[in-house]
Amino acid sequence: MSAYALTWVAVIAASAVCFALKLVGHHLPEHWLAEPRVARTAGLVTVSLLAALVAVQTFTLGSTVVVDARVVALAVAAVALALRAPFVAVVVLAAAVAATLRAVT
Amino acid sequence: MTAQIDQQHRPPAAARRRATLRQALSVSAATGVYGISFGALAVAAGLDLWQTMALSLLMFTGGSQFAFIGVLGAGGAPGAAIATAGLLGARNGLYGAAMAPRLGVRGPRRWWAAQLTIDESTAVGTAQSEPTLVRVGFWWTGWGVYALWNVFTVVGALVGDALGDPTRWGLDAAAAAAFLGLLWPRLAGRTTQTVAAAAVVVALLLTPLVPAGIPVLAAAVVAVVAGWRTPGRAPDEAAHPDRQGGESP
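Read top to bottom, the protein sequences are chains A and B. Just so we're aligned, residue -10 is where the first sequence starts under this note's numbering, counting upward by one. Just so we're aligned, residue 392 is where the second sequence starts under this note's numbering, counting upward by one.
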C-alpha cells in the first residue's frame, strides 16, 4: 500500500474511533459518570497527551532531543496565553518568532 | 455566567433564548476561526487538501485532529496516530453521557448529536439554566462550530499549501503553540500540573529509545495510573465540561 493510501486508511480509522467514542457516550447511563475515577482519569489523560505533544513538538527532531528556535517560540506563546491572547494569535505569534529567529541566525 | 444573570432578572423567554444564541454564535466564531491553524498545520504535516478536509468533517474534535497530524508529521506510525487521536477523543464520550438525557433525541438525530458532541457544544449546553435552552445552546453551538471549523480548515489548507516549506514559516513552532493553547485552560490544580510535567519527562526520555508516536502514548499511561490510584474526592481538574468551553472543538 502506498504511503498516501495508508494515510487515508489512518484518517478514516481514527475518525471512526473518535465518532464511536462520542456515540458510545450517548448510549451510556448518566450514573456511569458518578464514578469519580472515570471522570478524573479521562481529564488527566487529555492533559498528559497534550503536554507530551507540546514536549515532542518543541524539543524533538526525529528521535533526538534538541533545543532550537521552537523553544523561544513556545516561551513567547506561553506568555501570550498568560496574557489571555486568543488561540489564533498565540499560534501565529509562535510561528512568527520561530521564522524570524531562523531568518536572522 | 449568563445563565445566572438570566435567572436573577427573569427576562422574557425570547430574550433568554437570544442570550443563549449569542453565546452559541460567539463561541462558534471564536472556535471556527482557528480551523485555519489546523488546515495549515495538516498540510505542513504532509496531508493533502482532501485528507485535511476529511479529518475536520469526519473526526471533528480539534484536540484529536491536531494530535493525529502531529504524530504523523513527526514520522509516527499510523497506528500510533489513531491511538493518540482516540485517547484524546475519549472525553467526548463523557460529554455524550452527560448530554444525552438533556437532549432526549432518538434515531438518526442521535448520530448527529454524537458527532456534534465536543468541548464547546457541551460547555454552552450545560451552562444553560432551563431544558429548552440546553438544547438550543448545544445544537446551535455544535452546528455553528461544525460549519465554521470546516470552512476555515479549507482556508488554512490552501494557505498552508501556498506557503511551501513549513519550517521556514515557523509552522513547526505553531504546532507546539497550538498544543500548548489546548493544554493551557486545563492546567488548573496541582495534580493536573504534576501529571503534565510527568508526561513531558516521560515523552522526552522515551524519544531516543522508541519509535515516533510511542512517547506520547506512554505519557497517557502516566495519567491512567495517576487518575486511577489517586484516592478520595473528585478533584477540581476532572473532565468537567463547564470549564472547558472555548478552547478546543
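Fair warning: there could be bad hints in the mix.
Said to hold, decoys possible - Here are some, though not all, of the chain A residues that point toward chain B, as calculated from beta-carbon distances under 10 angstroms:
no., residue
1, S(-9)
2, Y(-7)
3, F8
4, V13
5, F48
6, T49
7, A66
8, V93
Don't read these hints as lab results, they were simulated from the structure. Keep in mind that this is a model prediction, so the values were computed, not measured. Where a beta carbon is used, it is the ideal one built from N, C-alpha and C, also for glycine.
Going back to the hint list, which numbers does this structure go against?
Of the numbered hints, 1 and 8 do not hold.
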